[in-house]
Amino acid sequence: GENVEQHPSTLSVQEGDSAVIKCTYSDSASNYFPWYKQELGKRPQLIIDIRSNVGEKKDQRIAVTLNKTAKHFSLHITETQPEDSAVYFCAAGEYDMRFGAGTRLTVKP
Amino acid sequence: EAQVTQNPRYLITVTGKKLTVTCSQNMNHEYMSWYRQDPGLGLRQIYYSMNVEVTDKGDVPEGYKVSRKEKRNFPLILESPSPNQTSLYFCASRTQNTEAFFGQGTRLTVV
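Each protein sequence line maps, in turn, to chains A and B. So in the working numbering, spot 82 of the first sequence is number 96, and the numbers just go up one at a time. So in the working numbering, spot 85 of the second sequence is number 97, and the numbers just go up one at a time.
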C-alpha cells in the first residue's frame with residue numbers, strides 16, 4: 015500500500031509569514047493528493063487537493079505543488095493568520111487513502 | 013445533507029467487553045475506511061472497503077473486525093477491547109480519486 019511521510023511535525027510562524035509543509039509518497043500509481051486541516055476536537059476537513067495532471071493549484075492564500083517524478087507534494091500558506099493554527103495532514107492513495115503523520119502549525123500573533 | 017455519521021461519539025468500556033462503532037454514509041460512496049488517531053502518529057488506517065462484501069486490512073488491523081453488508085454501512089467491531097485500543101476513531105467514505113468525507117469521530121476509552 016501507499017506510504018506517506020510528512021515534515022515537519024511542528025511548525026511555528028509569526029502572523030503574516032509563510033508556512034510550507036512537505037510530503038513524500040511511495041506509490042507512483044497515486045493520482046490524487048489532498049490536504050486536510052483538523053482543528054482541535056473536530057474532524058479533518060479538506061482545504062485543497064491536486065491531481066497528477068496538474069503541477070500547481072492555488073486557492074487564495076493556500077497553494078499546493080506536485081512533483082510526480084520526485085513523488086513529493088507541498089502545501090504553501092501565505093500571509094498566515096492565527097486562525098490557520100491547526101494540524102494539517104497530507105494524503106495519497108487511489109482508494110485506500112493513507113495519511114501523513116500531521117504537522118501542528120502554530121501562528122503567533 | 014451529504015454526511016458520514018458515526019455512533020457513539022464517546023464510549024468508555026472495560027477490557028474484553030465486545031463493542032461496535034457504527035458508520036453510515038448517504039453519498040453512495042464505494043470506498044469506506046476506518047482510521048485511528050493517536051498523538052504524533054496521525055491517521056492510521058485500520059481497515060478499508062472497496063465495495064459491498066469487499067474489505068481489506070490497513071496498517072493496524074490487529075484486534076479489529078469490519079463488515080460491509082450494505083453499501084452505506086461499515087461498522088467497526090472490537091471483539092475483545094484492550095487498553096491499547098484507547099484512541100480517537102474516524103470513519104471516512106469517498107469515491108475513487110476524490111476527497112474523503114469524515115464522520116464526527118468516536119473517542120473510545122478502554123479501562
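Rather than coming from a laboratory, the hints here were simulated on the basis of the structure. Treat the numbers as computed from the prediction; the structure is a model and nothing was measured. There could be a bad hint or two in this list.
[Unchecked claim] Below, simulated DSSO-like cross-link-like pairs (lysine-lysine); rule was C-alpha separation at most 30 Å, straight line: (1) 72(A) / 30(B); (2) 82(A) / 72(A); (3) 30(B) / 83(B); (4) 51(A) / 83(B).
Hints versus structure:
Restraint check for residue 72(A) and residue 30(B): not satisfied, since their Cα atoms lie roughly 47 Å apart, outside the 30 Å limit. Between residue 82(A) and residue 72(A) the alpha-carbon distance is near 18 Å, which keeps this suggested pair within the 30 Å criterion. Proposed proximity of residue 30(B) and residue 83(B) is supported: the alpha carbons are some 24 Å apart, at most 30 Å. Distance check on the hinted pair: residue 51(A) and residue 83(B) sit about 27 Å apart at the alpha-carbon level, within 30 Å; holds.
Checked against the numbered hints given earlier, the structure breaks only hint 1 and satisfies all the rest.
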